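Based on the provided sequences and hints, a complete structural model is requested.
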Amino acid sequence: MGRYVVRRLLQMIPVFIGATLLIFLMVNVMGDPVAGLCGDRECDPATAAQLRKEFGLDKPVWQQYLTYMGNVFTGDFGTAFNGQPVTELMGTAFPVTIRLTIIAILFEIVVGIVLGVVTGLRRGRPVDTGVLLLTLVVISVPTFVTGLLLQLLLGVKWGWIDPAVSSEAPFDELIVPGLVLASVSLAYVTRLTRTSIAENRRSDYVRTAIAKGLPRHRVITRHLLRNSLIPVVTFIGTDIGALMGGAIVTERIFNIHGVGYQLYQGILRQNTQTVVGFVTVLVLVFLVANLVVDLLYAVLDPRIRYA
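All residue numbers for the sequence shown refer to this note's numbering, where the first residue is 1 and numbers rise by one.
It is worth saying that the hints were derived from the structure and are not from the lab.
Some clues are possibly wrong.
[To be verified] Now the in silico label distances, taken between C-beta atoms and shown as ranges: (1) Asp58 to Leu134: 32 to 40 angstroms; (2) Leu66 to Arg3: 26 to 34 angstroms; (3) Arg202 to Gly155: 45 to 53 angstroms.
Fair warning: this is a prediction, and the values are worked out from it, not measured in the lab.
Where is the CB? At the ideal position from N, CA and C, for every residue including glycine.
In structure tokens form, the structure reads like this:
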């Protein structure tokens, strides 16, 4: 196991470099960031040249990337165009989005897996048909429609929640935004769990466990569920980074100043340092989440061992 982890960590290095290089190149072709600094008016040549020199934009792109990566390994993600270090923006944005993501993941794990197990064990029955139709509706409706509808009904019309989340963004205020963020993924987890349960239910090891006279709950939890959760864990693990990076719409609807909000502001103002810095951290989240998922395979299925 230890050798496998070391090998995977070494494999993450070129992936991280390649992903950050691609992001850096894509962000630098969005437009001229100096034009965004000057607002609607065009910068005079002297001011534009001074700003490009101050932020290192007068150097070739490859040299900018090398300088940026060298600073990243020392913990310096650069300075936003408003003069605030990007690490300070991260310090305020990431805790909020992490809390939002935790709530969304809990909805996926608890609600999605439970509904998937129930429908998988009752395949073809009315409860199975009803849940399948419900998940299809959830997948078909865009997230911004779901978010605005819940905000209008629960926040404005019925007054059960605040329409906008406060600046502190505690867990209790993030429950509804977390549900909105997790809605589509929750539906996929439900359908994926249902399919996996229904397929593995006909396996030989399940029939053998039943023939041995094991209790029904033990057959489901110890044999059927553990093997059926492998594709579900894969989806949830890769979904962690997607939720954190894809929270732009949800955070805009509920006025949450998290990672999505900062990315939106950075793209809108062409603030390359902010965008590249935040996305760099999200790449690390993706890589670590994938490593954890691979290690969980051996926990769920004893037949999987890493040399």
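We went through each hint and held it up to the structure:
At roughly 56 angstroms, the beta-carbon separation of Asp58 and Leu134 lies outside the given 32 to 40 angstroms, and the hint is violated. At roughly 32 angstroms, the beta-carbon separation of Leu66 and Arg3 lies within the given 26 to 34 angstroms, and the hint holds. With their beta carbons about 46 angstroms apart, Arg202 and Gly155 fall inside the hinted range of 45 to 53 angstroms.
The structure fails to meet hint 1 from the earlier list, while all remaining hints are met.
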